[in-house]
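Chemist: Protein chains in written order, with our numbering: chain A, 857 to 1193; chain B, 3 to 271.
20 Å max Cα-Cα, derived SDA-like pairs, lysine to any residue:
(1) B:Lys69 / B:Ser27
(2) B:Lys228 / B:Asn260
(3) B:Lys81 / A:His1093
(4) B:Lys76 / B:Tyr109
(5) B:Lys111 / A:Met1071
(6) B:Lys76 / A:Gly1091
(7) A:Lys1003 / B:Ile60
(8) B:Lys140 / A:His862
(9) A:Lys1188 / B:Tyr92
(10) B:Lys111 / A:His862
(11) A:Lys1003 / B:Asn58
(12) B:Lys223 / B:His212
(13) A:Lys1188 / B:Asp93
(14) A:Lys1003 / B:Asp18
(15) A:Lys1188 / B:Ser95
(16) B:Lys76 / A:Gly1083
(17) B:Lys77 / A:His1093
(18) B:Lys245 / B:Ser264
(19) A:Lys1003 / B:Gln88
(20) B:Lys77 / A:Glu1095
Keep in mind the hints are simulated off the structure, nothing from the lab.
Source: prediction; values computed, not measured.
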Amino acid sequence: MKSSIHSERFVFRASLFFLLISLSLLTIFFSVSLGPAAIPFKRVLFYLLHPRSSKGIFGEIIWEIRTPRVLLGFLVGGTLAVAGAGLQGALRNPLADPYIVGTSSGAALGAAVCFILKLEAFHLIPIFAFVGASSSILAVLILSRRKGELPVTRVLLAGVVVGSLVWAVVTFLLTMSGENMDKLVFWLMGSLNGRTWSDFFLLLPYAAAGTILMMLLAHPLNLLTLGEERAESLGIHPEKIKLFILLISSLLTAAAVSVSGLIGFIGLVVPHAVRILAGPDHRTLIPFSFLTGGIILVWSDTFARIVFQPAELPVGVVTALLGSPFFLYLLKRSQFS
Amino acid sequence: MTHSIIQSQNISFQYDQIQALTEVSCEIKKQEFVGVIGPNGSGKSTFLKILSGTLNPISGKVFLKEKNLNAYGKKERGKIISFIPQFFAYDFSFSVQEFAEMGRAPYLKFLGSLTAEDQRAVEWAVHKSDCDDLRERKMTQLSGGEKQRALLAQGLAQEPEIFILDEPVSHLDIGHQIQILTALKKQTLEGRTLVCSFHDLNLASLFSDHIFLFSSGKLFKSGIPKEVLTSEILQEIYRTPIKVLSDSNSSSPLVFPNLQKSNFEEKLT
Chain A
857 MKSSIHSERF VFRASLFFLL ISLSLLTIFF SVSLGPAAIP FKRVLFYLLH
907 PRSSKGIFGE IIWEIRTPRV LLGFLVGGTL AVAGAGLQGA LRNPLADPYI
957 VGTSSGAALG AAVCFILKLE AFHLIPIFAF VGASSSILAV LILSRRKGEL
1007 PVTRVLLAGV VVGSLVWAVV TFLLTMSGEN MDKLVFWLMG SLNGRTWSDF
1057 FLLLPYAAAG TILMMLLAHP LNLLTLGEER AESLGIHPEK IKLFILLISS
1107 LLTAAAVSVS GLIGFIGLVV PHAVRILAGP DHRTLIPFSF LTGGIILVWS
1157 DTFARIVFQP AELPVGVVTA LLGSPFFLYL LKRSQFS
Chain B
3 MTHSIIQSQN ISFQYDQIQA LTEVSCEIKK QEFVGVIGPN GSGKSTFLKI
53 LSGTLNPISG KVFLKEKNLN AYGKKERGKI ISFIPQFFAY DFSFSVQEFA
103 EMGRAPYLKF LGSLTAEDQR AVEWAVHKSD CDDLRERKMT QLSGGEKQRA
153 LLAQGLAQEP EIFILDEPVS HLDIGHQIQI LTALKKQTLE GRTLVCSFHD
203 LNLASLFSDH IFLFSSGKLF KSGIPKEVLT SEILQEIYRT PIKVLSDSNS
253 SSPLVFPNLQ KSNFEEKLT
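Next up, chain A with everything else stripped away, as it sits in the complex (with noise of 0.2 Å):
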């Protein structure tokens, strides 16, 4: 009995993981082909499968602009996805994002102190980027704890607090930096416009790093969901393990942001769609997150190019305004203490 349930739910997990990876392709090149140059789907698929003989107008296309930008837009929504499983799981809080909880804004005081200093060239922009992101979260935790807990209402307010302020003096320090405002904007609006392989490049190793260690820790993760005194109980840290991995989300929040600007909401509902879906257990909740992610904000991307062409919608829009009403469907939903 006890092995037909873990048979059971091996199969179920196994299915599942693969059913994502089967879509994630699909999306990717559905999403490569889909733009205002029309290039019939096995064109597609014979530039996809032979990059060395991607010669022409179309190659370019294909090689140059699509790819880069829709394999940059799974790994963004891949890396936000899995900040916000981990900030939900270690927060205990289901209404935890990035966004929602100041990192991303945090994330984004780096970046522009990186523009400012006109240091952006020498690839310091996540450094940057991260502390911007990990300094906001402390303040939020040290803002909100009270007797020792992290009630989760209070982490919201705490949130909403840190990321205005942050923001006024993100506007602040580029209103008077004299930059080029237009492009800025759409930076900080959450967009992959004329993003290239340099940009996914940059993204690659910090997604790859932070995803991996994420995923490391995503059993003494489950023990946290118990609170810190049965957790300890159990034999984790939980207040190193908490800061790890509030860490490790600024890192992937930092990174993503970096490359992007301010894209909102796929931590916080991808997370929840994959629990819905798969269960709570971190263990598949970090990898299915960032397959769905990726999945999410392709095709919110794809939309956000193709729908008003030749005009563009920053991404970031697309993702609000999928996510905001199902923020307030959780904040409907959940009791608070």
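Once you've looked at the hints, dock chain B against the given chain A.
Modeler: Chain B in isolation, oriented as in the chain A frame:
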């Protein structure tokens, strides 16, 4: 079997200037069921947290098997003591089976996959806590009594020598209270030691071999139920008229508020 398995020496604790526990010394024998009672805010929870090692005392020491509790690694300690804090809201939809499996954490390697031995322990714990029919159910869909059973399964899966529980039955109806406490009491027969706080003095009286009565952060009285549950002591501590029924045959006295309905009906008019 009159060996002391855990003892505290002059442990004290304070939260933000408020003295929560003052110089508590006690000794708990192996295989005993110890009931911890006292008014709200008397230090019961703080005492249990320190005893389980999840809170460090400001002064004083706890000895587990004659070795300082601080000298144990967390995992090592997790194999000996299982602490179940007071009931909390739980928003994560793990199945009861998965929830019970978390109890094996102290035995697992980093990535946490279960060996055959772990699976056997979980199986046993699920059975002992009467969760056989719940294992596929989600934690978020359980009633209060079922949740408490799932917590019990998780705690038992730890295969602890000492089980410390903070008010495990306070939110349950009398049927579920007796069910949970009976399952716990049976564990003393298997060699485990139980330390369990209560609000209900009669349940404490019925199930405990030994009772610790706390008042204002001090261990006011320690002894067998008959010695602790007397009307003089309880009236002093709880500041209300209390009657205790105790006959010489029974080791568990019964405690009542010593009031007639007419007493306060008179006061009301």
